[in-house]
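Student: Chain by chain, the residues run as shown.
There are 2 protein chains.
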Amino acid sequence: MTKTPDAARRSDRSRRAILDAALALVGEVGYNKLTIEAIAARAGVGKQTIYRWWPSKAAVLLDASLALAGEAETEGQWTGFPDTGDLAADLKHVLRATVDELCDEKYEAPARALTAAGATDPELGARFNERLLEPQLALYEARLRTARQAGQLAPDTDLRLTVEMLLGPLTYRWLLRTQPLTHAFADALVDRVLGGVAKVTVP
Amino acid sequence: MTKTPDAARRSDRSRRAILDAALALVGEVGYNKLTIEAIAARAGVGKQTIYRWWPSKAAVLLDASLALAGEAETEGQWTGFPDTGDLAADLKHVLRATVDELCDEKYEAPARALTAAGATDPELGARFNERLLEPQLALYEARLRTARQAGQLAPDTDLRLTVEMLLGPLTYRWLLRTQPLTHAFADALVDRVLGGVAKVTVP
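If you read the sequences in order, they're chains D and C. Counting from 1, one number per residue, gives the positions in the first sequence under the UniProt record's numbering. Counting from 1, one number per residue, gives the positions in the second sequence under the UniProt record's numbering.
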């Protein structure tokens, strides 16, 4: 049976309500205490509606996170990895946007809850890495590869290590709240990852 | 009333049993589901014995983590931050030991559970940072300060940023399990933090 336009609209609305409810709730109660029942109640749908589309709360949250990441794109916070030819400027642009996103209250609580859940649940962590994290890391790697090809990076640069040198300190400061997460921090990090901290002796 | 030697020994044994039970349990069930009752049962003591010494499960776990860190020292995994004059070698030595510790099953599950709990509970996170994390970061900063004074680092090097450039990627890879956490990774990280990834043009 083909859906009527009205039914399709209702379906989209329910789907959206479920994803929103899942994100809000995981930020409020954490991953462990989240239930399909609570998501259904918050979204104003029956439990069976959720189970028709998703087999588990992990699956709901994965789609919710993907939708949230997609929204950030649409809102112009992310319009593809820039390539102006100036690697430092491009990395600063993206890391500043990441700082803004991590500090955005809509994003922060669910992102913390899911990171914490993945850290203690290897299977969940692996699913999130595969669907959500690795595609993002691949965009950084592609930009760094172009820079390496253009002779801007040492020819033996380990691209994956470089990506983790950028995202590792950012994630560390965000997750552990050791110091304020600012644009100035993002800028300094990019400069030091590219240039190093050791004194270069000019002969 | 002064304790007799026997009473003091019993006291020490109970204390040790409680801290061990707390670490084992938090690794098994996570921070949220951990209770003083469960710790008491596992340690074979009464609840009141725990409450005599600690006001909350967070306080028990903080002392348990400090005791675990102290043990690692005693076992020679950590004998103070080395200063051989060779900064790269000293940093690699410490980061390799940190890799070993993070991959040690005795340490890994409780450390993950507590990091996850601190990430979603700002008050708990702040207490752990103050008592456990910041004293460790201060040791890195002190070693880097000596290197800066010796002219081995750029004079304007931000010591705190440099510490987070070392520990951030390590913690990221450990917590998110993006790639294997190895000594080779620790070595490459130290080399790149010191030297940067940008191509240095020799005129």
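Source of the hints: derived by calculation from the structure; they are not laboratory data. Since the structure is predicted, the reported quantities are computational estimates derived from the model, not experimental observations. Don't take every hint at face value.
The list treats identical chains as one, so a pair stands whether inside a single copy or across any two.
As the list claims (entries may be wrong) - Capping the alpha-carbon separation at 16 Å, the derived lysine to aspartate or glutamate pairs in EDC-like fashion look like this:
(1) 199 to 158
(2) 33 to 121
(3) 57 to 123
(4) 92 to 141
(5) 199 to 156
(6) 199 to 86
(7) 106 to 71
(8) 106 to 28
(9) 57 to 20
(10) 47 to 86
Student: None of the hints should be skipped; say for each whether it holds.
Tutor: Taking the hints in turn, this is what the structure says about them:
no. : hint       : verdict
1   : 199 to 158 : between (22 Å within a copy, 13 Å between copies)
2   : 33 to 121  : both (14 Å within a copy, 15 Å between copies)
3   : 57 to 123  : within (13 Å within a copy, 28 Å between copies)
4   : 92 to 141  : within (15 Å within a copy, 25 Å between copies)
5   : 199 to 156 : between (21 Å within a copy, 10 Å between copies)
6   : 199 to 86  : between (23 Å within a copy, 14 Å between copies)
7   : 106 to 71  : within (11 Å within a copy, 41 Å between copies)
8   : 106 to 28  : within (12 Å within a copy, 31 Å between copies)
9   : 57 to 20   : within (13 Å within a copy, 33 Å between copies)
10  : 47 to 86   : neither (51 Å within a copy, 62 Å between copies)
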